[in-house]
Each structure stands twice: as C-alpha cells, then as structure tokens.
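Residue numbers (the working numbering), protein chains in the order written: chain P, 14 to 407; chain A, 14 to 407.
By construction, these hints were calculated from the structure, which means they are not laboratory data. Be a bit skeptical, because a hint or two may be false.
Pairs count within a copy or across copies, as identical chains cannot be separated in the list.
[Unchecked claim] Listed next, the in silico DSSO-like pairs over lysine-lysine satisfying Cα-Cα at most 30 Å (straight line):
id: 1; residue 1: 335; residue 2: 399
id: 2; residue 1: 19; residue 2: 358
id: 3; residue 1: 399; residue 2: 157
id: 4; residue 1: 85; residue 2: 357
id: 5; residue 1: 157; residue 2: 81
id: 6; residue 1: 335; residue 2: 67
id: 7; residue 1: 19; residue 2: 67
id: 8; residue 1: 67; residue 2: 334
id: 9; residue 1: 306; residue 2: 67
id: 10; residue 1: 81; residue 2: 67
Computed from a predicted model, the values in this text were never measured in an experiment.
Number of protein chains: 2
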Amino acid sequence: MPDYPKVNYKEEGMREGMQIEDSQISVENKIMLLDALSETGLKQIVVGSFVSPKWTPQMERIDEIVTKFNPKPGVNYTALALNSRGVERARAYSPPLTIERDQYPRLGVHMCDVFVRRNTNRTQMQEMERWPQVIAQAQELNIKEAGIGTNASWGSNFLGEFPVDNLMTMLERQHSMWDEVGIEVRSCAMGDPMSHCTPAKVEESVYRVKERWPEINHIRLHLHNGRNMAIASAYAAMRVLGPDDTLDLDGTIGGLGGCPYCGNGRATGMAPTEDLLHMMEDMGVDTGVDMDKLIDCVWMLEGVVGRELYGHVSKAGPRPKKLEELYDIDMPFVETLESAKHFKKGPEAYEGGIYPYQQPITSPYRDRVNAGQPAYDSSSGDWPWKQDWFPAKD
Amino acid sequence: MPDYPKVNYKEEGMREGMQIEDSQISVENKIMLLDALSETGLKQIVVGSFVSPKWTPQMERIDEIVTKFNPKPGVNYTALALNSRGVERARAYSPPLTIERDQYPRLGVHMCDVFVRRNTNRTQMQEMERWPQVIAQAQELNIKEAGIGTNASWGSNFLGEFPVDNLMTMLERQHSMWDEVGIEVRSCAMGDPMSHCTPAKVEESVYRVKERWPEINHIRLHLHNGRNMAIASAYAAMRVLGPDDTLDLDGTIGGLGGCPYCGNGRATGMAPTEDLLHMMEDMGVDTGVDMDKLIDCVWMLEGVVGRELYGHVSKAGPRPKKLEELYDIDMPFVETLESAKHFKKGPEAYEGGIYPYQQPITSPYRDRVNAGQPAYDSSSGDWPWKQDWFPAKD
C-alpha cells in the first residue's frame, strides 16, 4: 500500500449544501441534521454562513441554528463569513463556533476575476492589494510560516480553462513575496468553486507544487463536483502526497450543493462525503466516521430536501466485508432503489421480490466464510485447483 | 502530460442500463435512443441481450429492436449472450450485429462462486472446467496469443473483499496453463459486476499485471459504479498504462444500470459515459464523441425512464473552454437544475433569475478573452503584476 497523507475532512453540507436549497427548510430540520452529523464521528462541520440574508435567504436564520444545536465535544464547528461584518456576527457564537483561522497567514487570489466580482463584489486586484498587508501583519507578529493559494484554480465558466502553468505562475508570485521577507511557505490551498477540477490537472498541480517547494507539506483542496471529477481528483492528490503531508479535503453529504453565482446552480455540488470517505477507508485511511450513521444522515437529508441526492454508497450500501454484512446468498431479485436499502433495513426491504431459482443457492465458498475462514486461503492450499473436482490438475 | 493508453470505449446503456428498467419501455423509444447514440461518434454500442424473457422481460423484444434500428456505418453493434442458445439467436441478426468475439481465446472465471451461480446458473467449477477445452481449441487453430481474466475481481456482496493477492493467484494459474502449451498471453480482463472496484485496488491490480507480465498490452475493465468508484478507478488504470497499451472500458449514458442478481438492483449502475469521456478529453484522449449530442441522448433517456439520472456533465454542462461556450458574465442567479441547462438551451433557461448587481459585471480578463487572447499570457507579460494597477510592484 502506498503511504498516503494525513487527511483532514470537512463536512460542508450545512453550508455549501443548504445555501442552494429551499430557504423554507425549517430551523428544526437543519438542527436535526446538524445534530445527527455531530454523532457520526466527523471532526469538522461547517454549520452555515453569516452572509447577507437578502441574497442568501437560506442562511437568514443561522443565528437560531448556532444557538440551538447540540455541539458535540471534540467536533470543530465553523461558519463561513465573507467580510468583517460576517466575522463579527460569527464571533458572537464562539463557542460553540470556532472562528476559523487559517493555520498560516495566507496570500490568496481567484484566478478568475469574473467569479470574484460576481460572488463577493470585489475584484482580483482588490484581493492582490491585500497581499502586502497580510505580509506586513505576519512580520509584525513575527510569524515564521505562511501559506499561498488560488481559487478557481483550473478554470472558470466565464474565462475558460487555466493551464497549470498559469496556476504555478500565480503561486510563484505569492511565494516570492514571502521569500522576500524571509517567511517560509508551508501550505498551499487550491479551490475550485466552478467544478473545473480534473484528476489529471489536480495531480499535476499537487505534484508540481511538491516538486518546486518540497517544504510545503500541507495541501488544501476545495473541489466542486459539477463534472463528476471531485472523487477522482481527491484520489489523484492522495496518490502524489506522502505520509509527511497533510491534505485538507471538503465535501457534502449526498453531494448536495451549489452556488447561484457560478452559473451551474444545484448542478455544482461537491463530492458526496459518504462515497469519498468510503474510498479512503479502502485506502487504509482511518476516517473515524461511522458509515452507518453517516448514511442515516444522507437518508434524513433526502427526506428534508424531498428528493434523491447524488451519493452512491447511501443507495447500494458500503462494500460488505464482515460476515454480518454479507448478503443472503439465496436472496430474491433486488431491482428498485427501495429494495436495495436492505443493507440497512433488512430482508423485509426485498420481500416479495422475484425468486428465480429452483433450488436454494449454496456455495462451498460461503460455507468457508461462514466458518470464519477466508474465501481463498493461499496458506492452507484451499484453492480450487488443489481440490479433487478441479478438471486440470497438475 | 503522461502518455496514456489507447482507449476503446463501449456504451452499455441499452444493455446494462435497460435490463433493470421498466420492461414496458417501448421498442420505439429504445430504437429512438439507439439511433441517437449512433449519431454521437461512439464506436461500440451494445444494443441489448439475448437472454430468457422469463427472467429478463426488459429484453423480450430485442429481436424487433435489432431488426428496426438504423445501423450507422463504422459503429460496432454487439449484443450479450450468456449461452449457446443466445449466441444462436444473435447470429440471425449479424449483420447489423457483430457477433462479439474476443480478440483472444480467453480463460476466465468469477472470483465469486455465489454470483455466477445466482447470475448464470453455473458454478465457478464449471467455468474452470472449460479451461482445458479453450486451450485445446486454441492449439487446434494454431493460435499464438491468448487472454486471461477474472470477474467479480475485487470483491463480492456474498463473499466480501478479495485481496489483490487472490486475484493475482487466479491469473497466475490461468497464465501458467497457457505457458504450458506455449501460447503467449497478451490480454487481461477484470470485471466488477458488484461494484467492489476502488481506484487503489484497480491501480494495484493493473500495475502488478503489467509488472509480472510486461508483454500483456491489452487490459479490459468492466467496472460497476454502485459505490461511486468507477471513474476514479478508470483514471487510476489509465495512470499506470502507457501509450503501447490498450485499455477497454465500459459505461452507460447517465450512469444507468443495475442487475437483479447482485443484491443492489438499480443502485449498481456504471460510470456515466458522458462524465468519463469528458474526463478523457481533458487528458488529451481523442474520444471522437460529440459531447453535445451525447448530452442530448442523456436528456432523451431521462425522458424515457421518467427520472433524473446519475451523470453530472449532463446537468452542469461540459467545462466551457472556447469563447462561444463561456457563460455570460452578467448572467443572473442560476439556482435550479432546469435553469442550469442554459448551456444548451440558452439564456431563456435562466430568464427571470434574481439579478443581484447594481452595475453590470465587467472584467478586463473577459475583454482579453473576447478579443481572442488567453486570460493570462506569460509570453506577452500580461500578468497583473506587470500592470500599473498592481499594488506591490517589483
């Protein structure tokens, strides 16, 4: 197994997700969801955003939510704020909120001037104008380590594709400004609000950042999934990082999400948390998350928004591994999504399904597994060609 | 850019997809879909299967479909048959069907004895019993090159996970049987009917096959997507293959699909063709497919099955790259999936959306792009910090 990086996962469903859903979803339902998410083992949960209720009515009652939900010790709750007014509002609720401070002072910029104008009523120039202030403040505080970063890193719906060369030039510029004042760059963030990530470009970008600046050991990726590339891109990033690196990743339960400013609306959600974390478990990454409880949250969310969402593990269930998770080998046809829910609901979910067999299904392999043995065991020689019935024996 | 393998893509929507949908979908609608798919540039299309109408009523009228559809010259149409009766039925329609013959005589086996019993009323032993016959026939025909392969390669809903070591042992056995008669193995197929693929396991498997037998230059992957891992797994496979290799991949438009025997029903579709091919285009692979026509097919299919499907590119649209594809920078809010369809339907799709700006959005970057220049141009020095307005000039 390759040595993968440490992963910090942040659940964005209550913010990236809810911001594009019906503004009439009740505070009670949002608190129910947030409290259920708190019980899954997720360590970082964004509860919502402190933004203008005029343009984001979905977040109008954020104050009630942060007042009434049940914070779970050990979970880090944050909220998004896009300006000083928002930060001030959020500060009134800390605790339970952690006012999200980047671990490092960071220079950042949108590669797409249009998106930042549409989304935050600022310009790319204004973002860059802040760089000298950020650096001066870091110097005053005698800070030794800093970050660089881009948003809309790989492309934009308004300007098209940005080659990775462009991204590297922008990062290089930021890095050189930290270099000039002798502050070491340890972290690089790359955002993708408009779903232009692809695994090839993310892999190339992370690889080139690490190659150019090996001392950067912290990569932060915020990937949207409008073109179904977020999971593959996350895998690609994990592939090129090592055990001394830390990778921050974000996603939303059910893949919910979207943004009214980017031109894709609800079509630009994020990687479904349940699918992404299930992949990581296969890679040997300890997510600390109870998949069964997480799927409960997805089903709850589907009930709240009134439609099926984009995640897959919540529909087919996790890959069964342990004996108690394996399916009944004699089960009838499972055809619908409702009957597929037997992995949590039990056999009654497929009751009445077509049964096409004349004899019950049996298998010597399942007998082995039922007896606590592996299906195939090279050490004991229990391979088919070691058996009497194998037709082409040595 | 890494050198990726040659990819042969096979569209399985009419077979893997339709076999789990309503059996009452009309022949007319299926022919409409098949004819539309034929116009997209897809080179391999599976039209359906010749199987028992008793257990797969969705394929009962396959004879009518293959009689009435409009075959497009240059497209390879195939049908699945699971036994000699099915092959005989299919043969009556060739042409237009190509009776699918593997390029190589192939030994194959399901890693999961339970699945093959449930799905095809045979046993793993019976699959292996055929191996000597396959080899004898290849010798008689004086064939010099052959294939090996597994199905349910990485795990099963009935037996759990199969470590890659198990897979390699099974392939090793097959390879040694070809070795004994001096026939070279050039191809390896790995199937995954129960969605147990993960990118890490697929990457490891393909890597180990290539490492063990460098002369194998043809890999065939049939990956299901019940746990949302098919696209990442395809990417992982492409990463470890080179330009002298050929990779066969399958998927379905909209990600439609499923199987009544595996225990996941409709929850175990395949990679959405439109999303997978859009990824490949980003990787520089020439798919030959017209994405706009392919999305028409997905929308048509959603109309036929009466619900939204799992693909993403059909909802958000492809990543816009060319000027004529870029979104209007002054467009209003886009919130719903319907309004997101503006990428094909034009501005009327978002007509009446909230317009939050006091002044129209403008950007010097878009002006550049409108004038035919790249957003950033390192050769001309048009980077922000070369401009008068940049706040921290060198």
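So, going through the hints one by one against the coordinates:
In this assembly of identical chains, residue 335 and residue 399 lie within 30 Å of each other by CA distance solely inside one copy; the values are 26 Å within and 61 Å between copies. In this assembly of identical chains, residue 19 and residue 358 lie within 30 Å of each other by CA distance neither inside one copy nor across copies; the values are 34 Å within and 44 Å between. When the C-alpha separation of residue 399 and residue 157 is checked against a cutoff of 30 Å, the pair qualifies only between copies, where the shortest distance is 28 Å, while the shortest distance within a copy is 64 Å. Proximity of residue 85 and residue 357 under a CA criterion of 30 Å is satisfied intra-copy only: 25 Å inside one chain copy versus 46 Å between copies.
When the C-alpha separation of residue 157 and residue 81 is checked against a cutoff of 30 Å, the pair qualifies neither within a copy, at 39 Å, nor between copies, at 73 Å. When the C-alpha separation of residue 335 and residue 67 is checked against a cutoff of 30 Å, the pair qualifies neither within a copy, at 50 Å, nor between copies, at 34 Å. In the homo-oligomer, the alpha carbons of residue 19 and residue 67 never lie at most 30 Å apart, since the shortest distance is 39 Å inside one protomer and 52 Å across protomers. In this homomeric assembly, residue 67 and residue 334 never come within 30 Å of each other (Cα to Cα): the closest approach is 49 Å inside a single copy and 33 Å across copies.
Proximity of residue 306 to residue 67 under the C-alpha cut-off of 30 Å is found in neither arrangement, the shortest distances being 35 Å within a copy and 39 Å between copies. In this assembly of identical chains, the alpha carbons of residue 81 and residue 67 lie at most 30 Å apart only when taken from the same copy (23 Å versus 56 Å across copies).
When each numbered hint is compared with the structure, violations occur for hints 2, 5, 6, 7, 8 and 9.
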